[in-house]
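Chemist: Residues per chain, in single letters:
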Amino acid sequence: MNKPEVLIIDDEPQIRKLLEINLSSHGYQTRLACTGKEGLMLAANHIPEVILLDLGLPDMSGHEVLLQLREWYRKAIVVLSVEKGEEDIIAALDNGANDYLSKPFRVGELMARLRSAIRNNDSGETRQVITAGELEIDLAGRVVKVDDQVLKLTTTEYNLLALLARNAGRVLTHQFLLKEVWGVGYQTETQYLRVFVAQLRKKIEADPNHPRHLITVSGVGYRFE
Amino acid sequence: MRHISVLRQILIGAGFVILLSVVCYLFRPYMDYRIVALILLLAVSLLAVLFDILPVLVSAVLSALILNLFFIEPVLHYKINSAESALLFFIYMLVALVNAVLTNRLRKLEARTRDKEEKEKTIQLYNTLLSSLSHELKTPIATIIGAVDTLKETGDKITAEQKADLLAAIDIAGSRLNNQVENLLNMSRLETGMLTLKRDWCDINELIFMVIGAVPGQGGHTILFEPDDRAPLFKIDEGLMEIVLYSIISNAVRYTPPGTEVRVSVGFDDDQLHMVISDNGKGIPEEKRQQVFEKFYRMPRSGTGGTGLGLSIAKGIVDAHKGEIRLADSPSGGAEFSITLPAEVSYLKNLKNE
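From first to last, the protein sequence lines are chains A and B. Per the working numbering, the first sequence starts with residue 1, numbered consecutively. Per the working numbering, the second sequence starts with residue 226, numbered consecutively.
So here's chain B without its partners, still in its complex pose (with noise of 0.2 Å):
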């Protein structure tokens, strides 16, 4: 409620006292100003909750007038005829007002004790951040600066075999350095808010043929893919979309045994884009299946070589489409992560061409 302005936030409170009070007047044969007196303290209650302390005094102000000058004889003048109805009306004008200051009051304590634990949280995930980082970046560059001193050491006394182990090595650090790199920008980008999708029109088919491409290490897997010539084309934002899909596809790699085979499939409605990826593997059991989409998490032994966030922006990507990705039991007792995209289509394609 806080994000309204507070102009309208008058307005607003005005407003419902006000409508309050005309409904009350309606009454007025059957009810005694002092009920009415009572209603219109909850409704400046109910505000003091809702709404900012000059709101809530307003309406407090607004409301003792208009019990004054409507409802407490004689009305429709300011005086007041009696001692008890005077001395109501300045009860009421108290209680309303310190209604709202207490209120209000309550209300900062509140917000600063949740302020105080989400910097708590946030530093809880800094710390996770670095001891995670700190592992997964040092391991290689370890890797590499290791590698390279053995190199330049020993000279002639290694096997040229030996040789190309040692570069295979720094080769394969260095990739996994970049993709970690990689994936913390993306990290930092969705986390900061500077991640806006540039939707564009997506020929859905080829990017996953892209990405299958892409994907290394597929030496004991096959990916399996039957692309759909009736597609449409989907507006979609394709680079981020080909970082979920790789994601995805090299975790199926990566974390199966050789052999696995990974499906891709695409289905399509009206202004939805349906794609799924399966795997044989051992799948992932259901109580780790939230896990896996969040920060920095990793499935107990799964090696070196992540740094758990692959999975957490890859939904941080579909959620930014407004889209959904699950992960479910594939039929064959592997894993199944099925994204929904909501997103405009066109059929272009299956028109002829001039």
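Here chain A stands alone, though its shape is the one from the complex (with noise of 0.2 Å):
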């Protein structure tokens, strides 16, 4: 199998050097652009199978790299940060990051993410039948099961629940769910979402206190692992 190559988009050089000898301990293959030209020109030459990209870029804003790249780009962005401000992970989710790590950050974290981004360029729309531990969830009979018993959903439940697992390993916003599951208008209706997320953890989670598939990414929005 090839090896799947991570186009890396940093202008610091220690957390280049970081991130290379990582990835490619962990079986990645790597490229490196110290600006977001460089970085465009790698990304059309090279399409990797993951971009991570640093938002504080010395030659152009890392939002403006995000929507040039999402204009033909299909793949996995994941976007990193020191900002910790919402404002900020959100704008990059909605130009189209597929989720962002904000530094310090944890290179098993890093690693976790960047698994779940490959996993999630693989399957995308075209998959029917998505499993994620003891939970599987059928897009064509609209079924959900834990440990093959199948659960009985509301129509809003199972849309949410949908959503989320049809982009695994994403962040999805808080906005986004609202306007998709609920509609356009209810998109600042948040307590829709905190509420049929309980819910839908009471029936799908082992622990729902410890929820390990619906994850809430604060502040931010929710992701399905």
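Heads up, a few of these hints could be off.
[To be verified] Looking from chain B toward chain A, a few residues come up when the C-beta cut is under 10 Å (computed): (1) Lys344; (2) Glu345; (3) Ile348; (4) Leu422; (5) Asp428; (6) Glu431; (7) Met435; (8) Gly438; (9) Leu458; (10) Asp462; (11) Glu463; (12) Gly464.
Just so you know, these hints were derived from the structure itself, not from any lab. Backbone N, C-alpha and C fix where the C-beta goes; we use that ideal spot for every residue, glycine too.
Assemble the dimeric complex from its two separately framed chains, guided by the hints.
Modeler: Next up, the structure:
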């Protein structure tokens, strides 16, 4: 099997080094860019499996790079940023990032996110059945099972779960989820989301207080694992 | 009073003088005009204490005119009959104006002294900050640099176990630095008023479980939390409340001996959220309880690794929510922090869905 290629766009040499050492030791092939322009060029020439993009670049804004990449690049983009501000993260996700990690991050966490981003590349919209541990979601039959037991979900619960599962590994913002599941005009009604996520967790999680599938991304949205 | 615009001050001052004059006018049959002059003078002096110079001068002139026109014979005429009345009128005018100017000057002087005191206080705070910072930031940096040097230079001369110890030291120092920078950033956001609340619906049980999951080093400690499924959603700034809870719970874990139990509980009513975090450690002596919320305050003998900012940030955030944070004895003898936040609630949670 070919080594999956990761393009790293980051202007900090130490971080590039750190990422390169870790990624190659985990069986990835890496390519390095230290400016936005160089990153865009390398991405176009080599079409990597995942792009790790730092938002603070010297030549252009990371958000701009993201927007230009998303004009044609369909695979995963994971954003790295020292900014912990939720607005910045939400903007990055709205501009097409799949996931984000704030610096400083733990290498273990980075690897987990990369794996999950790559998995999502292969599956995407085409998959009929999504499995995650003991959970099985049959998108064609609209059936959800835990340990082979069929669950009773309401339409809204199912729509929410299916949307998150179809985008496994990707952070979906509150606004996006509300618009997709409840419709235009509900984007600010986060209380619906809170209630339905809590209900879903009670049904699909082994321990709803320590969820393993429906992960909260504080102040931003949710991610299905 | 000085935050009222000058125009409004003029209107208020004039209104006050006119109102008082009307009252005096009604009692005119029983009052000599000299008494009225004293009453109006008192009113102008009062305004001089509260208002800026221009509104006071306006009121002084206005009151003198009123005095002349309505109280000094002949009434409703600018002419003054007796020499005594004329003298009184001029003295009145003079005293009112001198009064206004002097009071104003006095107030300016007072403001200048206050400014100076404040500046001195800021400098003192800044010095405390610097000495606390240089110590708390340089200690982990020294650890990191020292450990890296050791790893580079000793090569194979140290055991695998020693190597692992050095790596762990770097790890801890790095996290500590990160926490401290985070604290400083939050503090400066609070201080500069850059911190604006982003209130949104929050599942408080979820938030508490998340914070407990993030508190490090729970080896010898137990953190107990019984979620209340009936709790409604609260409209609070979740990200900031996470900082508050993290700071209190991680303090409880850090400053109590292993084996200590930390309990978190949640209560609520129509428009308030209550949270209590208690432990059965040694507690905090009564005379120190107010100080723990002060900036840079650290309990004696509390070891390195803190900037003394965590709880003052927590208090700042709770204050921003117009809530209250208190420290008391817990029934088991340890410390008990209780937080009360006024917040909009939503019971949507208990409705059955479509």
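Chemist: Check the structure against each numbered hint from earlier and tell me which ones fail, lowest number first.
Modeler: Hints 1, 2, 3, 4 contradicted; others consistent.
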